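Asker: In case you want the letters, here they are:
2 protein chains.
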Amino acid sequence: MSIHPIDYVKSHRQQFVTELKDFIRFPSVSIQPKHSRDLEMCAVWLADHLRLIGLEGVRVLPTKRHPLVYAEWQHAPGRPTVLIYGHYDVQPAEPLDKWQIPPFKPKVYGDYIYGRGSSDDKGQLFAHIKALESYLRTNGRLPVNVKCLFEGEEEIGSPNLFSFLLQYKQALSADVVLISDTHIIAPNRPAITYALRGMLSLELEVCGPKQVLHSGSFSGAIHNPLQAICEIMASLHDTNGRVAIPGFYDRVRILDKNERNYMARVGPSNEQILRDAQSESSWGESGYTLYERTTIRPALTVNSVVGNHLGPGSEGVIASRALAKISFRLVPDQTPSEIEHIFRQYIAQITPHTVRTKVFSISGSRPVVINRRHPMLRSAVIAYNKSFGAKPVFLRSGGTIPIVSFLQDILSIPTVLMGFALPDDQKHAPNERFYLPNFFNGIETIIWFLAQIGGEL
Amino acid sequence: MSIHPIDYVKSHRQQFVTELKDFIRFPSVSIQPKHSRDLEMCAVWLADHLRLIGLEGVRVLPTKRHPLVYAEWQHAPGRPTVLIYGHYDVQPAEPLDKWQIPPFKPKVYGDYIYGRGSSDDKGQLFAHIKALESYLRTNGRLPVNVKCLFEGEEEIGSPNLFSFLLQYKQALSADVVLISDTHIIAPNRPAITYALRGMLSLELEVCGPKQVLHSGSFSGAIHNPLQAICEIMASLHDTNGRVAIPGFYDRVRILDKNERNYMARVGPSNEQILRDAQSESSWGESGYTLYERTTIRPALTVNSVVGNHLGPGSEGVIASRALAKISFRLVPDQTPSEIEHIFRQYIAQITPHTVRTKVFSISGSRPVVINRRHPMLRSAVIAYNKSFGAKPVFLRSGGTIPIVSFLQDILSIPTVLMGFALPDDQKHAPNERFYLPNFFNGIETIIWFLAQIGGEL
Numbered sequence: 002m003s004i005h006p007i008d009y010v011k012s013h014r015q016q017f018v019t020e021l022k023d024f025i026r027f028p029s030v031s032i033q034p035k036h037s038r039d040l041e042m043c044a045v046w047l048a049d050h051l052r053l054i055g056l057e058g059v060r061v062l063p064t065k066r067h068p069l070v071y072a073e074w075q076h077a078p079g080r081p082t083v084l085i086y087g088h089y090d091v092q093p094a095e096p097l098d099k100w101q102i103p104p105f106k107p108k109v110y111g112d113y114i115y116g117r118g119s120s121d122d123k124g125q126l127f128a129h130i131k132a133l134e135s136y137l138r139t140n141g142r143l144p145v146n147v148k149c150l151f152e153g154e155e156e157i158g159s160p161n162l163f164s165f166l167l168q169y170k171q172a173l174s175a176d177v178v179l180i181s182d183t184h185i186i187a188p189n190r191p192a193i194t195y196a197l198r199g200m201l202s203l204e205l206e207v208c209g210p211k212q213v214l215h216s217g218s219f220s221g222a223i224h225n226p227l228q229a230i231c232e233i234m235a236s237l238h239d240t241n242g243r244v245a246i247p248g249f250y251d252r253v254r255i256l257d258k259n260e261r262n263y264m265a266r267v268g269p270s271n272e273q274i275l276r277d278a279q280s281e282s283s284w285g286e287s288g289y290t291l292y293e294r295t296t297i298r299p300a301l302t303v304n305s306v307v308g309n310h311l312g313p314g315s316e317g318v319i320a321s322r323a324l325a326k327i328s329f330r331l332v333p334d335q336t337p338s339e340i341e342h343i344f345r346q347y348i349a350q351i352t353p354h355t356v357r358t359k360v361f362s363i364s365g366s367r368p369v370v371i372n373r374r375h376p377m378l379r380s381a382v383i384a385y386n387k388s389f390g391a392k393p394v395f396l397r398s399g400g401t402i403p404i405v406s407f408l409q410d411i412l413s414i415p416t417v418l419m420g421f422a423l424p425d426d427q428k429h430a431p432n433e434r435f436y437l438p439n440f441f442n443g444i445e446t447i448i449w450f451l452a453q454i455g456g457e458l
Numbered sequence: 002m003s004i005h006p007i008d009y010v011k012s013h014r015q016q017f018v019t020e021l022k023d024f025i026r027f028p029s030v031s032i033q034p035k036h037s038r039d040l041e042m043c044a045v046w047l048a049d050h051l052r053l054i055g056l057e058g059v060r061v062l063p064t065k066r067h068p069l070v071y072a073e074w075q076h077a078p079g080r081p082t083v084l085i086y087g088h089y090d091v092q093p094a095e096p097l098d099k100w101q102i103p104p105f106k107p108k109v110y111g112d113y114i115y116g117r118g119s120s121d122d123k124g125q126l127f128a129h130i131k132a133l134e135s136y137l138r139t140n141g142r143l144p145v146n147v148k149c150l151f152e153g154e155e156e157i158g159s160p161n162l163f164s165f166l167l168q169y170k171q172a173l174s175a176d177v178v179l180i181s182d183t184h185i186i187a188p189n190r191p192a193i194t195y196a197l198r199g200m201l202s203l204e205l206e207v208c209g210p211k212q213v214l215h216s217g218s219f220s221g222a223i224h225n226p227l228q229a230i231c232e233i234m235a236s237l238h239d240t241n242g243r244v245a246i247p248g249f250y251d252r253v254r255i256l257d258k259n260e261r262n263y264m265a266r267v268g269p270s271n272e273q274i275l276r277d278a279q280s281e282s283s284w285g286e287s288g289y290t291l292y293e294r295t296t297i298r299p300a301l302t303v304n305s306v307v308g309n310h311l312g313p314g315s316e317g318v319i320a321s322r323a324l325a326k327i328s329f330r331l332v333p334d335q336t337p338s339e340i341e342h343i344f345r346q347y348i349a350q351i352t353p354h355t356v357r358t359k360v361f362s363i364s365g366s367r368p369v370v371i372n373r374r375h376p377m378l379r380s381a382v383i384a385y386n387k388s389f390g391a392k393p394v395f396l397r398s399g400g401t402i403p404i405v406s407f408l409q410d411i412l413s414i415p416t417v418l419m420g421f422a423l424p425d426d427q428k429h430a431p432n433e434r435f436y437l438p439n440f441f442n443g444i445e446t447i448i449w450f451l452a453q454i455g456g457e458l
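Respectively, the protein sequence lines represent chains A and B. Start counting the first sequence at 2; every next residue gets the next number (this note's numbering). Start counting the second sequence at 2; every next residue gets the next number (this note's numbering).
Please keep in mind that the hints were generated in silico from the structure rather than gathered at the bench. Predicted model only: the values in this text are computed from it and were never measured. One or more hints might be untrue.
Between beta-carbon pairs, the in silico distance windows are [unchecked claim]:
no., chain 1, residue 1, chain 2, residue 2, range
1, A, His354, B, Ile343, 24 to 32 angstroms
2, B, Arg357, A, Leu62, 34 to 42 angstroms
3, B, Arg266, A, His354, 27 to 35 angstroms
Here are some chain A residues the structure puts well away from chain B; computed CB gaps all over 10 angstroms [as the list claims (entries may be wrong)]:
no., residue
4, Ser164
5, Asp176
6, Phe219
7, Ile223
8, Arg261
9, Ala278
10, Asn372
11, Ile383
Beta carbons are placed, not taken as given, at the ideal position from N, Cα and C, and that holds for glycine.
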């Protein structure tokens, strides 16, 4: 070995950041049809980059919507196979006026790179590519077999990923899945995420009169669907911040004292979470810390409420239909299908006779808990310790990564959630950013991890 | 008199409709800034048309936003002066996909002309112009003095009209104001509107965290402003369809039995109102007919609810702020300022400590009742009877015409609301239309009215 991969990282930081900027420049917003072509171009760029660093079998795989990108390196017989997953699609950047820079013109200020996708997930995905590059450029080979699978539909619930995974189950077989799409506590406090909440997205439609009405002519005599939907939304929580749907908490696993003590010891404080949220006050179920409320307790979010009479001038009219988007975050042992069932029952029960309601399923994903004692996680601990100079703690996340539950439940592959973002990286919000020291330490962590499980450490 | 003005109307119907189409073609949507220039061009077209038919002193008068159009004819000394008011601005046409024709490309189908503004208020305003034209073209003169004032801001609450009226109080003095911006019951059942509800438009802002949040990271621990605003909206009505704001009904005038009997006799039935609304069920205060609920009882409409995280992809986030637009329809003796005051008090009282609220005033207008026994209204009855062949009844409207209360309260000029629209004309909604026989009968009614009060009948 002439130079060590870690030295390669240290001497190529500037180049890595320049390339990451190129990656962020693609407005690969998966939910906005106008960006379909941008996702395609981003996928092609990504594939070219994977070829450039020396990966093989590189392919852009079309799906019904946005393509997957695949690449591999399989010349380490007898060594473990690592499936690296990431997503190159991003959340919409709106509202644009809240950004201090154009969201797809990334800029470095101080220690941060700003731009949509910088931490979720382009920056973290890119850390893997740069780790592989560093190894290949210095050693001419990797310490393990690697398969990379990068998708363009994570932010829309991965609608085409799972059928693909099932179809190519054999070809994608691996000993461990490595995903960097979570955060650590602070730059000097690394963390490995071992639990994710599940998700259930639904839409509720409330239908009233067959047409939009003049509020002068009809207000007082017709139940306004927008008012009715607010009344229904207000019935989803009780006054104590608990979800009011009967049976909602029935399957929620109660954690033992040891687990909650561990969480209290290593997890963020209430103050830290309020600081990250930039919120003056907390809310929610009593008897639980904010860390617990956002990880081991389920939640329901009203995401949007809208009438079919949009635009300025709406003050003169009564909508004829209203639509609400709501999403649940679920915890073991809740399942999306059971929660959808009791939600539908509850809506049917509370719908007043003056309007009609319909519930539409959008997407669902089961909650996940990963065994902290798995050997792969022990290797990850060693890798973090070497690069960050601190032993990582194990964290629960309130977020959802649909592929993790799928891989665990269906393909039985254990996952290591090796995150490098920070809690205040503004994921999904304006001014998203990624802390560059974490980007560099992340690349090194991945190198150490691959070396460790390849037996080269 | 060579030909009678009425004969002129009958022989110029085709021309009148062609000209009305030209008028409707201007997308004079007062609330949409992109249409400012269209309002200007519409005002210029209108002024030219008034000059063309022989009116004098025609002027396009700029305001802070959209111009007023003024014209007069004052060569009938000793005769009454009529101030004709109308508005050439229209409601937004959205949602466009609900229209069967482009909203600003008017078309005649059967007995209706379709297009935004066809009944509210361009078609009705135009009936006055065509009545004046018919008189001038046949008699060479009018039977009364006339002042025309057409505004471009009615659909946004007439923000600049009232200061103008106050400033030119002297110049605008008149014996009666004539306005056609209301509806009759059916083509063979004319009606004169003698009561209008007042209006109060407000906005409520609910502020939570300083930034939009990832719902995975924070749901369960932070009060979602969109949920909070739904909870507040739901608190504005009780379960019996009554407004829940303390004191809201304190100043509502209770009508005597005679008045309610008269309303029951001449007004639309519950079935008719549900048919007009295309609604399967009614809603609201028990103890009142739907006609009463929409005219002599006040109402509150939730017009819109929106979070600051718009657009597709919003399912992953919690808004940091939410805004609701609500509007009240008020009845005697409620006043906009008193209702705003108790609304603000109530909001302050019910705002949970986990969010902050702000109330913004948008516009207000007092309710109006016109004396049905006024001589001007008796003349209107005669005029309707001659043109429609049926004696008009007196109706209450649930709508609001801000200028009427202003003229009555401040300038002490009585108003005749001489409407020609129909209840199912889709005012403020897609596929707005105007029934052409009413357009022609309307022109004749105005001619008979002017002749009657000018002593020429």
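Asker: Next, verify each hint and record whether it holds.
Answerer: Consistency of the hints with the structure:
| no. | hint | result |
| --- | --- | --- |
| 1 | A:His354 <-> B:Ile343: 24 to 32 angstroms | holds, 30 angstroms |
| 2 | B:Arg357 <-> A:Leu62: 34 to 42 angstroms | violated, 49 angstroms |
| 3 | B:Arg266 <-> A:His354: 27 to 35 angstroms | holds, 30 angstroms |
| 4 | Ser164 | holds, 22 angstroms |
| 5 | Asp176 | holds, 28 angstroms |
| 6 | Phe219 | violated, 5 angstroms |
| 7 | Ile223 | violated, 5 angstroms |
| 8 | Arg261 | holds, 16 angstroms |
| 9 | Ala278 | violated, 5 angstroms |
| 10 | Asn372 | holds, 22 angstroms |
| 11 | Ile383 | holds, 28 angstroms |
Hints 2, 6, 7, 9 from the list above are not met by this structure, while the remaining hints are.
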